[in-house]
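Chain P: place on chain Z using the hints.
Going line by line, the protein sequences match chains Z and P.
For the first sequence, our numbering gives the first residue as 1366, with consecutive numbering after it.
For the second sequence, our numbering gives the first residue as 166, with consecutive numbering after it.
Derived from the structure by calculation, the hints contain no laboratory data.
Glycine included, every Cβ here is placed at the ideal spot set by N, Cα and C.
Computed footprint of chain Z on chain P, listed as stretches where at least three residues anywhere in the stretch have a Cβ under 8 Å from a Cβ of chain Z:
1. 207 to 217
2. 263 to 271
Here are the in silico distance ranges between beta carbons for each label pair:
3. Pro1460/Z <-> Gln179/P: 36 to 42 Å
4. Asp220/P <-> Arg1465/Z: 18 to 24 Å
5. Gly248/P <-> Arg1473/Z: 22 to 28 Å
6. Pro244/P <-> Thr1385/Z: 44 to 50 Å
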Amino acid sequence: KAGVTQTPRYLIKTRGQQVTLSCSPISGHRSVSWYQQTPGQGLQFLFEYFSETQRNKGNFPGRFSGRQFSNSRSEMNVSTLELGDSALYLCASSPGTGGRYTFGSGTRLTVV
Amino acid sequence: DQQVKQNSPSLSVQEGRISILNCDYTNSMFDYFLWYKKYPAEGPTFLISISSIKDKNEDGRFTVFLNKSAKHLSLHIVPSQPGDSAVYFCAARINNNDMRFGAGTRLTVKP
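Only chain Z is shown next, with the shape it has when bound in the complex:
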């Protein structure tokens, strides 16, 4: 059974650019959640998608957006990148009805 796949693993972008990260959940999982991990801040919740709809949302600015496709794959987009957006972005999939999360290995984004 394939795990959660995040691409790319590493990314370097310039301030002001935009970036799109991808997450393929475990087959059969309908929920995908995104988190930002920075030192000292732990895992900050961005948003959760379930059946192509955003179901929950954290306290991030509108520059952070996402979407989910009919095959449950999800993308996260960050526009007008800032230096402070440098972080590890993790996605987690779950069945969507209270099951445990399974995380991907993350995308390490560096903004220069």
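Then chain P, alone, in the frame of chain Z:
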């Protein structure tokens, strides 16, 4: 709004001794609590969980305790092993699938 707090950024214990990791939360609507372990360059992996209707759950060397009145949970690892060295995240669930995580505690188990 840090609803889940892990106030100790790091913990160091000797191999064979007990490791106790603590977590506090503020939202009484959380109904399910979990611990995840994370190694460098990997995503967090599920370790153990507890429902809000219980006060203890055991799985081998790992035990989670929940004190609802104090809004506090803890993870006990006995005996600690060097392979347990990792970052441990406490998580709490609300609204069926909205999961909030703490900042993590880095555990180092010395041989």
